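Chemist: Chain residues, written in single-letter form:
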Amino acid sequence: MAKTILIVDDSLAVRQQVSMALKRAGFETAEASDGREGVAMVDSNRNIGLVISDVNMPNMGGLEMVEKIKSKPENKSLPILMLTTEGQPSLIKRAKEAGAVGWIVKPFNANQLVQTAKHLTGGIG
Amino acid sequence: MPAQTGALPAQAVALPAQAGADLRVLAQLSESNARISTRIRDIQSLSEREILACGNVLWAIAEKGRDLADESERAVASSMARTEEITSRFARGMQADLLAQETAVQHVLELASGIEAAIHAINDLMLSSKVLAVNARIEAARVGEQGKGFARIADSLSELSGVIRGASDTVSSSIGAVRQGLPQMSASAASMHERTNLFIDEVGKQVESASLRAGNGESNGSLSKLMELSNQALSHLQFQDRMSQNLFAINGDLDLVKERVRQTLNGEEDNPEQAESEIADGSEPLPGEIMLF
Chain A
1 MAKTILIVDD SLAVRQQVSM ALKRAGFETA EASDGREGVA MVDSNRNIGL
51 VISDVNMPNM GGLEMVEKIK SKPENKSLPI LMLTTEGQPS LIKRAKEAGA
101 VGWIVKPFNA NQLVQTAKHL TGGIG
Chain B
1001 MPAQTGALPA QAVALPAQAG ADLRVLAQLS ESNARISTRI RDIQSLSERE
1051 ILACGNVLWA IAEKGRDLAD ESERAVASSM ARTEEITSRF ARGMQADLLA
1101 QETAVQHVLE LASGIEAAIH AINDLMLSSK VLAVNARIEA ARVGEQGKGF
1151 ARIADSLSEL SGVIRGASDT VSSSIGAVRQ GLPQMSASAA SMHERTNLFI
1201 DEVGKQVESA SLRAGNGESN GSLSKLMELS NQALSHLQFQ DRMSQNLFAI
1251 NGDLDLVKER VRQTLNGEED NPEQAESEIA DGSEPLPGEI MLF
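Going line by line, the protein sequences match chains A and B. Residues 1 to 125 (this note's numbering) make up the first sequence, in order. Residues 1001 to 1293 (this note's numbering) make up the second sequence, in order.
Treat the hints with care, as some may be off.
[Said to hold, decoys possible] Here are the computed lysine-lysine pairs in the BS3-like style, where the Cα-Cα straight-line distance is at most 27 Å: (1) B:K1064 - A:K23; (2) A:K96 - A:K70; (3) A:K23 - B:K1225; (4) A:K3 - A:K96; (5) A:K23 - A:K76; (6) B:K1225 - A:K118; (7) A:K118 - A:K23; (8) A:K68 - A:K118; (9) A:K118 - A:K96.
Since the hints were derived computationally from the structure, they do not count as laboratory data. What you are looking at is a predicted structure, and each value in this text was computed from that prediction instead of being measured.
Input sequences plus hints: build the corresponding full structure.
Modeler: So this is what it looks like as structure tokens:
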């Protein structure tokens, strides 16, 4: 079964663009519009192989989401990549400490994002 | 987005008149910040709404483009398959007809040869009849009055020989005409056969070429271009999203300013720890840059 990549972003346009790029590369995708929904989806879908998340979102931000997901032992190895307009080193530091594996500043390049997703998931299949 | 505070602190309104001009300026600054904050929220809300709307339209265009390309591909493939089937059926029928025609021509040529042999035999028989008629006349002359019967036989034989000769010449002439016409007919059939084969080959190549174009080439190229353009447009929307996020950040900064004004108005101490946390260490990554930890 192909690995599912969870895209967490409050912007529908960004979610769609990320999803379109990943689907064309052969990945399956799931979407959440905020951190709270993202945590719930990680809990309910064990096939998720990578999370790509925004930072500033309503209800629950991306960094808090990373902290909540990573607080569970079963999610220690789940890679979480931040995709955001933010570039403040203090936020990047916090993301790294929370357990995120990388940081991309929008706007992203679709091909580079796909290559990074393949690298982090070990391929498509 | 998280709710932003916009109201003035109650303490600012309750300030005693002697608090001084500086505090009144701070109160005015706080009110200005609240108004700016409201306007930014409006801009942010509008921006987000437009981003979503544009994103949805672009997504719909991309999806429709994909549907259109798929439908076009299916229609072309179906049309090509049908064309191939019709052409193939026509070609098979034409080849069978031409083969039958060639066989018929060959058969007629064989019949003509048979008829010619028969005419030769008739001619030989006619010659024999002439010889017989001459002999009958000689014999009739030799026996005189009693040979009149032989003379009539000789006349009849001559007459018969003439009739046979006339019929033989007519048939021979017809056979000659048929013999002249049949090779032309045969050559024409062979030419049609060759032309049909060329036609089948050409149609086959065209069908294959069109199928390739429909399946892998031009329509997919157009689709890729459409998807690329949609991606480019969506990339621009990412900048819009970045602008929206920056407005969100500005709003947060204004909240900090309001909080500092409130603290000043209330005579509260600064929170150096919080201020320290806002100080950035290191340089910010560039847009599009991927940092893996």
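Chemist: Are there hints from earlier that the structure breaks, and if so, what are their numbers?
Modeler: none
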